[in-house]
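Visitor: For the protein sequence lines, the chains are A, B, C and D, in the order given. Sequential numbering of the first sequence, starting at 1, is according to the numbering used here. Sequential numbering of the second sequence, starting at 1001, is according to the numbering used here. Sequential numbering of the third sequence, starting at 2001, is according to the numbering used here. Sequential numbering of the fourth sequence, starting at 3001, is according to the numbering used here.
Calculated from the structure, these hints are not laboratory results. Take these hints with a grain of salt, some might be off.
To be verified - With beta-carbon atoms standing in for the labels, derived distance ranges: (1) A:SER58 with B:ALA1107: 24 to 32 Å; (2) C:GLY2503 with B:ALA1159: 53 to 61 Å; (3) B:LEU1145 with C:LEU2316: 26 to 34 Å; (4) B:ALA1117 with C:LEU2316: 43 to 51 Å; (5) A:VAL71 with C:VAL2059: 43 to 51 Å; (6) D:VAL3028 with C:LEU2316: 27 to 35 Å; (7) B:PHE1118 with A:ILE27: 18 to 26 Å; (8) A:SER54 with D:GLN3062: 39 to 47 Å; (9) B:ALA1107 with A:ILE27: 21 to 29 Å.
As the list claims (entries may be wrong) - Restricting the straight-line Cα-Cα distance to at most 30 Å, the calculated cross-link-like pairs of lysine-lysine (DSS-like) are: (10) A:LYS64 with C:LYS2216; (11) B:LYS1096 with A:LYS64; (12) D:LYS3047 with C:LYS2449; (13) C:LYS2527 with C:LYS2216; (14) C:LYS2048 with C:LYS2527; (15) D:LYS3046 with C:LYS2449; (16) D:LYS3047 with C:LYS2367; (17) C:LYS2449 with C:LYS2527; (18) D:LYS3046 with C:LYS2527; (19) C:LYS2449 with C:LYS2048; (20) C:LYS2216 with C:LYS2367; (21) C:LYS2527 with C:LYS2367; (22) C:LYS2367 with D:LYS3046; (23) C:LYS2449 with C:LYS2520; (24) D:LYS3047 with C:LYS2527; (25) D:LYS3058 with C:LYS2216; (26) C:LYS2449 with C:LYS2367; (27) C:LYS2520 with C:LYS2048; (28) D:LYS3046 with D:LYS3058; (29) D:LYS3058 with D:LYS3047; (30) C:LYS2367 with D:LYS3058; (31) D:LYS3094 with D:LYS3118; (32) C:LYS2048 with C:LYS2216.
Stated by the list, open to error - Derived list of chain A stretches under chain B, where covered just means 3 residues or more per stretch with a C-beta under 8 Å from a C-beta of chain B: (33) 28-36; (34) 49-56; (35) 74-86.
Think of the CB as a built atom: it goes at the ideal place given N, C-alpha and C, for glycine as much as any other residue.
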Amino acid sequence: MTHTIPAPERRHPNYVAIWGVLMGALILSLLLAYLRHAQLAALLIWLVAIVKASLVISFYMHLKFEPAHVVAIVIAGVLALAILFLGLFPDIVRVYGG
Amino acid sequence: MSRAAAHAAATRRDDVIRSTGISTGRLAIWWFLGSEIVIFGGLIVCYVLFRLRHPEWGALARHTVTPAGAFNTLVLLTSSLFMVLAHAAVEHGDLKRASRHMLGTIALGGVFLGVKAFEYGHEMSMGFTPVSGLFWSFYYALTGLHALHVTGGLFAILAVRQMVARRSDTHRVELVGIYWHFVDVVWIFLFPLLYLSN
Amino acid sequence: MSEANILDPPLDPPQAAPPTAHAGAHDDAPHGFWSTYFFSTDHKHIAKQYLLTGLCMAVIGGLLAHVMRMHLAFPDRAVPGFGEVPAGTYNALITMHGTIMIFFVAMPVLLGGFGNFLIPLMIGARDMAFPRLNMMSYWTFLVSCVILIGSFFVPGGASPAGWTAYPPLSANVAYSGAAWGVPLWIAAVALEFVAFLMGGINFITTAINLRAPGMKMFDLPMMVWMQLVASVIFLFSVGPLVAGAVLLLLDRVAGTGFYNPGAGGDPLLYQHLFWFFGHPEVYVILLPGLGIVAEILPVFARKPLFGYRMVVYATLATGVLSFIVWAHHQFVSGIDPRLASAFSITTILISVPVAITMFAFVATLWKGAIELKAAMLFAIGMVGVFFWGGVTGIINGSAAADIYVHDTYFVVAHFHYALIPPVFFSLFAGIYYWYPKMFGRRLNETLGKIHFWGTFLFVNVTFMPMFGLGLRGYPRRTYDPRVFAHLGDLHPLQLAATLGTIGLLLSQIPFVINFFGSLKWGAVAGKNPWRANTLEWSVPSPPGHGNFDGTPVVYRGPYEYSLPGGDADWLPQDLAPGRTP
Amino acid sequence: MHLMPVAASSYAGDIDRVMWVITLIVGVWFLAAEGILLWFTFRYRKKEGVRAAYVPGKGFRQTGWILIPCVAILLCDLAIDAFGERVWDTIKQKVPPAQLQIGVEGRQWAWTFTHPGKDGILGSPDDIVIPNEIHVPVGVNVAFTVSAADCLHSFWVPELRLKQDAVPGRHIQGWFRATRPGSYGVLCAELCGVAHGLMRGTLYVDTEADYERWLASRTGVQAVASQPAPQTAPQTAKTGGKS
Ligand code: HEA
Ligand code: HEA
Ligand code: CUA
Ligand SMILES: [Cu+2]
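Looking at chain A on its own, in the form it has when it is part of the complex:
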């Protein structure tokens, strides 16, 4: 089940272009910080961060080119964190009997 021929060369997207986008996103998030509406700003900044992260993950880390069961690892990890967050929210944020 192992071909010893070295890894067939995977597609290499234009990394520099992606870097440009990331820089743009960085500047954007810096500008967003000056928004009047705090909640909105936080939300947008968070969204930008997610975009940045997914760019790095899917292209720099090549997750885009990996089989589904590898993508599942990341999804599972994030799911576990979501569960943790939901489980702790009622006790840490809305302290019952605080």
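Since the structure of chain A is provided, determine the placement of chains B, C and D with the ligands on it from the hints.
Guide: Chains B, C and D with the ligands alone, transformed into the frame defined by chain A:
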């Protein structure tokens, strides 16, 4: 090469694509990152929860040096670019260029740590130590853990660069790269959480 | 490539292995004594190192339990061979007993020992995917053992904060008095986690990527599935606790206040982080235990494992569910009552997938040709005893009932009935079954049967009375039984449990004799003494370095016993079609 | 000797009932499972010339033998959930109007109980603060607030089937209505250090008359004096962060 020897080789060397569509080395890195995601993520979740519990922390977050943080984001993203270019170079068989790019990554990683050290010094001088309030405890815990990962990554890249110089195990450039990008991703989240939100 | 590939790798055309086959193995074959017995990267050696270390820790943990029991039965007398047991010492004893048994016996033996030994052999690999990482895992683990045991001898003694190490008690030296014990405890447990993270990543990648040609995921022996799922559960649940442990250490040594309400922190945070890992952890222990049973039952009943795929899916379901039940340890800890209701429901629902697995095991015996060898006795015993632990878990699981039983001996009884089946019954079953493969010799059956009946009897004599203690309201972690006279005279129950413990310890003597004696005098075991199908039995006992000459090719599932037609009642996984064993 | 201590609170009976109902339901399954296990083990021992049947358990016709019972188990689970949930609600959610307020504070290693004085108001100068002693009239809805001065403790009265952890930084509400006059032990059910095992007080459930008498005897007594000084109170452990 006999199938047995191939199989034997496979258990020792990772530069083979398996029928599962991924080399064992890359698979291992991803599972390793799976564990890292829940370690860092767990800490971040705790911080976010307390952040929601203590709105007043917004004021404290102002004392972090946003420009420095932003600059460090730039530095780390760029170092990632160099890293992935090094990987591409390896796959095009240009090891010289690969190790040049890796040198860039290492240099930028060093810059990142330098800036971080400066920030720590600055904040301490303003009296914000790890024990002056929960926000700062979290700030130092998160950035400190991250800085440790950066340092570890730097050493790993140095080691791999030696291998590249020896033209051996060049596939590890990609592996160490994936790890480095992960450290980058963590910072992408830490930056808004600790510097921007107020 | 797509998801499908992980399920069925293409079956390469089988090749007779050329004579030069294991040439590949020679260059990393062991040189000399040290590289063989200490710094070996051979998964079989590492497995034995893990197994023996775990067994030695089991002896320590067992003796600690013995001291606890003696003290509880005779509170006003010194424990023979140990001396007085003051309150502080008692708390250190339970803490170390619990910590050792869970982290330093159950995991090293079930995962480090059996997992390391069996995964490569069962999937037809020459070794783990990362042999050196594997060795590092063991040595990290050994260091953590040394730190933990060392913490007995530091000023202030070992940690008295319970194996759960709840802050503020654990976070503040002024409360517990153990100046060194607690930090060392945290360090030891954290290192242990690191060791098993290395191991886990190794297990997972090996089981996924190093399968022999033709071995689809659904051809994996159940043991490999269970090890795989256990490793995944561990990997995803331990992270937050690693973070939590770091915070605890910082609170303890750097004076931060993550768990200190005075500084805006919250003790409940730690409880959540601990149990987010702590509950999945019990399945990390249970699943490999079930895996061992799943390997043994078919062999000694000469029947396929009933509903292989069903059991796999049930196991996966158990793994997923185990992530959404953790707060059942905190029903009365001051968490939001609505949260408690939700967790109570999920907790009780987990009985369904577990029941599917257990019932499938029972069904495997139906119309079998059962041979009650020692291994089989322990395997069946595991199923029988675990039912106790399981159903009493349901009583704890109901938030209302838990108000009463929480932190009483009812819980202590529950978890010993849940833990001892996978940790002792499965361990012993596995040793009686794989000892021939590990050491090339067979264990003595008669001693084995004595060992089983003694263990089985005295486990119940020890822990059954604890249900009674709990129902009467006797709280756990209390060192002086006399202060609860008003609960009625519970001394007879305490005494019974203690006598049971003594019996239990004595019952292990035949095993220890058998274990070491058979190394020398045991009957030489052939390749396949049990006429079993899985790949580890297709190689010499003990297997040579590199396990297989050439690469085995897998043609079928692991449990093809008593197929109609043909007079052999077993069909090895790697037997070419048309041939007979 | 009874299996459990006497049930001395309004909801003690409910909790016991939950336990027995669950025991009954799972008990049936337990006995069935163990019975079948033993029966198979002895019935299907290896006999000369008798070959095991090949039953892989593929397809629903075979797995049904497991899956259908497990559907039944699912139903049992839901029944248990529903039954327990009702009791949990009456104890934790549907708190009845309180006729008496009590303060419960755990510290290493004693309980401090604060009773309202004659004025019936907690936190007023005539509060009655006593270590390890709590007095309530029988048949009265008592609302209590549990807090902790140093580390975790757990306020537990087995006869009342009442248990509530005391968490530093939290003031956790609870309630009970004692139904039988008498004195009951108050234990600590959360490991809290060396003397955890000795940390206990007494709950006196008095008749209305006795309670009034006790109240009268206590008024004017300088209670605070009898308050135990905490053995160890490190600065880092100020409670009330989020109170
Ligand atoms: C291997 C270890 C193991 C296993 C497998 C389990 C399995 C279960 N445990 Fe246990 N548990 C522990 C180890 C384990 N536990 C430990 C160590 C503690 C104490 C920690 C501490 O505080 O120190 C603990 C504590 C503990 C608590 C907290 C008690 C308290 O502190 O107040 C609870 C509460 O819900 C609980 C529930 C359960 C449940 C519902 C299961 C279920 O998985 C059981 C499912 C199995 C069955 C149900 C049996 C098979 C099914 C049938 C026979 C069919 C009939 C069943 C029904 C109709 C429901 N456990
Ligand atoms: C796997 C887990 C495990 C195991 C096996 C055991 C085994 C035993 N435990 Fe366990 N116990 C716990 C996990 C475990 N315990 C935990 C987690 C706690 C909670 C701690 C806390 O509250 O913080 C606890 C708490 C606990 C208490 C409650 C203390 C208290 O709350 O005050 C008691 C009291 O009786 C007790 C007794 C026993 C006894 C008598 C055994 C006996 O079964 C022990 C018998 C020992 C042996 C049989 C040793 C056998 C040796 C071998 C088999 C090796 C052979 C050697 C070679 C071949 C080299 N334990
Ligand atoms: Cu207070 Cu235990
Ligand atoms: Cu649990």
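Visitor: Hint by hint, note whether the structure agrees.
Guide: Outcome of the hint check:
1. A:SER58 with B:ALA1107: 24 to 32 Å: holds, 26 Å
2. C:GLY2503 with B:ALA1159: 53 to 61 Å: holds, 55 Å
3. B:LEU1145 with C:LEU2316: 26 to 34 Å: holds, 32 Å
4. B:ALA1117 with C:LEU2316: 43 to 51 Å: Holds: the Cβ-Cβ distance is about 46 Å, inside 43 to 51 Å.
5. A:VAL71 with C:VAL2059: 43 to 51 Å: holds, 45 Å
6. D:VAL3028 with C:LEU2316: 27 to 35 Å: holds, 28 Å
7. B:PHE1118 with A:ILE27: 18 to 26 Å: holds, 22 Å
8. A:SER54 with D:GLN3062: 39 to 47 Å: The hinted range 39 to 47 Å holds for SER54 of chain A and GLN3062 of chain D, with Cβ atoms some 45 Å apart.
9. B:ALA1107 with A:ILE27: 21 to 29 Å: Check passed, 23 Å falls within 21 to 29 Å.
10. A:LYS64 with C:LYS2216: Holds: LYS64 of chain A and LYS2216 of chain C sit about 25 Å apart, inside 30 Å.
11. B:LYS1096 with A:LYS64: holds, 27 Å
12. D:LYS3047 with C:LYS2449: holds, 20 Å
13. C:LYS2527 with C:LYS2216: holds, 24 Å
14. C:LYS2048 with C:LYS2527: holds, 19 Å
15. D:LYS3046 with C:LYS2449: OK: LYS3046 of chain D and LYS2449 of chain C at ~17 Å, within 30 Å.
16. D:LYS3047 with C:LYS2367: Holds. LYS3047 of chain D to LYS2367 of chain C sits at ~11 Å (cutoff 30 Å).
17. C:LYS2449 with C:LYS2527: Measuring from Cα to Cα gives roughly 23 Å; hence the hint holds.
18. D:LYS3046 with C:LYS2527: holds, 23 Å
19. C:LYS2449 with C:LYS2048: The hint holds at about 24 Å.
20. C:LYS2216 with C:LYS2367: holds, 28 Å
21. C:LYS2527 with C:LYS2367: holds, 28 Å
22. C:LYS2367 with D:LYS3046: Within the cut-off at roughly 10 Å; holds.
23. C:LYS2449 with C:LYS2520: holds, 20 Å
24. D:LYS3047 with C:LYS2527: holds, 25 Å
25. D:LYS3058 with C:LYS2216: OK: LYS3058 of chain D and LYS2216 of chain C at ~17 Å, within 30 Å.
26. C:LYS2449 with C:LYS2367: The hint holds at about 23 Å.
27. C:LYS2520 with C:LYS2048: Holds: LYS2520 of chain C and LYS2048 of chain C sit about 17 Å apart, inside 30 Å.
28. D:LYS3046 with D:LYS3058: holds, 24 Å
29. D:LYS3058 with D:LYS3047: holds, 26 Å
30. C:LYS2367 with D:LYS3058: Holds: LYS2367 of chain C and LYS3058 of chain D sit about 16 Å apart, inside 30 Å.
31. D:LYS3094 with D:LYS3118: holds, 28 Å
32. C:LYS2048 with C:LYS2216: Distance ~28 Å between LYS2048 of chain C and LYS2216 of chain C Cα, so the pair holds.
33. 28-36: Per the Cβ count (4), the hint holds.
34. 49-56: holds (count 4)
35. 74-86: Since 8 is at least three, the answer is holds.
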